[in-house]
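Peer 1: Just need the whole structure built from these sequences, with the hints factored in.
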Amino acid sequence: MPGNTIKKILARREAALVILLVILLIPITIRSPQFISARNISTILNDMAILAIVAIGEFFVILSNGIDLSVGSVIAFTGMACGLINEANQAIGAVPLLFVGMGIGLMMGLLNGVLVAYGKIPPIITTLGTVNIYRGLTFLLSGNQWVTAHELAPSYIAFPRVTFLGVSLLLWIAFLVIVIFYYFSRFTRTGREIYAIGGNPTAAKFVGVNESRIRVVVFVISGTLSGLAGALWTARYASAVNEMATGFEMQAVAACVLGGVNFAGGAGAITGVVLGTLFLGVVTNALPVVYLSVFWQTFVQGLIILVALTLNTLSDRRKHARLLAQRRAS
Amino acid sequence: MNQPLVKVQNLTKVFPGIRALDDVRLEVRCGEVHALIGENGAGKSTLVKILTGVYQPTSGKVFLEGEEVTFRNAIAAQEAGIVAIHQEASMFPELSVTENIYMGHHVRHPKTRKLDWKQMRKETQELLARMQLSINPDTLVKNLSVAQRHMVEIAKALSLDAKLVIMDEPTSALTDREVEDLYRIVRQLKAEGKAILFISHKFSEIFTICDYYTVLRDGQYIGEGRIDRSSEDDIIRMMIGRSIDQLYPDHTPSWGKEILRVDSLCQLGAFRNVSFTLREGEILGLFGLIGAGRSEVARTIFGVDKASGGTITFEGKSFMPKSPYDAMKSGIALVPEDRQRQGLILKMSLTHNISLPVLDALSWKRSVTQKKEEETYVLDHGERMEIRAAGYHVDAETLSGGNQQKVVLAKWIGTEPKVLILDEPTKGIDVATKAAVHEFICEMAKRGVAIILISSELPEVIGISDRILVMHEGRQTAILDKSEANAESVMRWAISTEEMDNAW
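Going line by line, the protein sequences match chains A and B.
Residue numbering for the first sequence follows our numbering, starting at 1 and increasing by one per position.
Residue numbering for the second sequence follows our numbering, starting at 1 and increasing by one per position.
Check the hints yourself; a few may be wrong.
[Said to hold, decoys possible] Derived BS3-like pairs: lysine-lysine, alpha-carbon spacing no greater than 27 Å straight-line:
#, chain 1, residue 1, chain 2, residue 2
1, B, Lys142, B, Lys118
2, A, Lys205, B, Lys372
3, A, Lys205, B, Lys306
Hints in this document: simulated from the structure, not taken from any laboratory.
Peer 2: Spelled out as structure tokens, the structure:
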């Protein structure tokens, strides 16, 4: 029985990721021991905090068998809006701006969700449209100008770096988001219904799950979290640029895929997404250590996604073969 | 007569857990229209799939023009001259008639090796002319009517120089005029010396167009004969043949008050003028052959599809559910036919599957799930259905078909429905599980639940139902009391073209 339990734990994606992380860290640490210094680890975590927040939003959309390609543009628009507000009125500080970001993001996600749920437009098409619309709106809003560091209030810029109990506020926020949505996904009816709709929309409808509501909910979550990420982005990078977070949706999707989330919906867990994000962060940070130029970064990321997807498919196929054999035997 | 074109000998096909064909024989001669007759699940499609190379037989032989053949795949069968006319499945709607006909066997220019569309278009035109069809070879298939698509499929078979053309329910979507057209072409094919294997549930058609027939039942060969020397009664007897030897749970009806009244319910293109009443604790069987519209009636009462006419009265009040959610809230449950596609969420655990319909009631303030309550609930209902699994935490996809069906049923007991609709609840499951399902149905009825049982298994419907509503091609042909229902009477109404006068 204990052997079985160990097998079960090892079969999980989370375990595989932890093991891979350790394997990856050994040569890197030998090469450059300061890689696992407290300072560097804190840098990696802070770098990945925003991605973790966005990836969790993306997770729910993918879980419902959709995809949200608009997250990068939502970040840009909300980040720009927060930057402009802060520039115009420096008295409006970080905390209200976080809520402004979430509010705007919520509306943008709502539009995506309504188009998908009631307009019956496939998520990939809907968000392929809105990714451009939201980016265009960003340019219109800013008049193609940047908001630079010295135009922002120092308190806003400092906000993500303020530490509480030795941990930055940025990390605290990411941590809070992870905990809240872990709880949401595991212990609420709506969370369960997202799994159901993603796993089999027909069967879910037959037991009375309101499909349209679920589709709206997942996009609202994704939009709201991207809005939060936008407000944090402008503060952390001390500027609001029209092109910010371009292509960020791909990183969010990558984190989910790496974390073992089923691309066809219905299976996956927040813990996997968090580990997937962490894995991406370590790899990105380790590249300079092994003297690979940052230009290799996107290349390596793409490679990782392909490998992860191939592994997902292979293990699925193995599982089905095993199931078939079991059924034949019985 | 001369040597048969196709001869099937001792053909057996075994799938895991089921013997789909058992020692079947079949002989089809050139210039003959041969009807393949049998109830749903008699093994007709399996036989067709073996003839067309989709399945390989477990044992037995197939001869074509006297020589033994084995088709490794569908293309091999096509090349040998056996072509099945599918219902649209193999059409490419965005391509033209010519492109569709020559898909997979393009003609190349002898010199340039380029695709010779001019030649193919010319040949298509000739084919269509030969069939006396006025279809433009350049028309996109999506712009053709269903009947025209069918004709194009047949033209394709001709272009492949088919010797045996298999038509599976070719008239199901055609109007009377179009059926006449089809007959004309079938007769022409026959005159050209082709053999036609004709699968149909409509006796009127079989007696109009076919020369010979073979009857299958439960995967076995029952008999064959000439149509002009047989009567409908003979064939019906062969179709149902078996005695109702299975034991069904003792069900003494104890009916309460009327709970559901359906009056002239219609859905365009699916069924029309369906009327019945249902009392508490009553089991109403719904019988009909494929295409009769039984599932569609159920889906409409459950709010999946919209009715185009008629009324439903539920508990004395007018009732027209807009969604399954609506129907469920009122107390109507539907256990759908296709377990894997409609009944279960395969990637979810048994616990989560079973609790899903009642999750709001099990949750704190209807929103936060409670592990303990959920597990107790699932254990309670799961044990009643005697689900065999490694535990309730395993995913539904790991179970066998029979156990999956038990999970589906367990899912619905707890919703405490007032009306429970079961669509083919015993399809594809083993005998022991079947008995458990029958017991479940009778127990629910005893508790006062009104039940609509849709089933293609005649003995099952007759064995459990208090009354049986019989449908044919979207029309209600009869409602029979238990006393007047036997295999013969039910089957007679299931193939009847008469419409019942609108009275109970």
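Peer 1: Each hint needs a verdict: does it hold in this structure or not?
Peer 2: Here is how each hint holds up against the structure:
no.	hint	result
1	Lys142/B <-> Lys118/B	22 Å, holds
2	Lys205/A <-> Lys372/B	26 Å, holds
3	Lys205/A <-> Lys306/B	15 Å, holds
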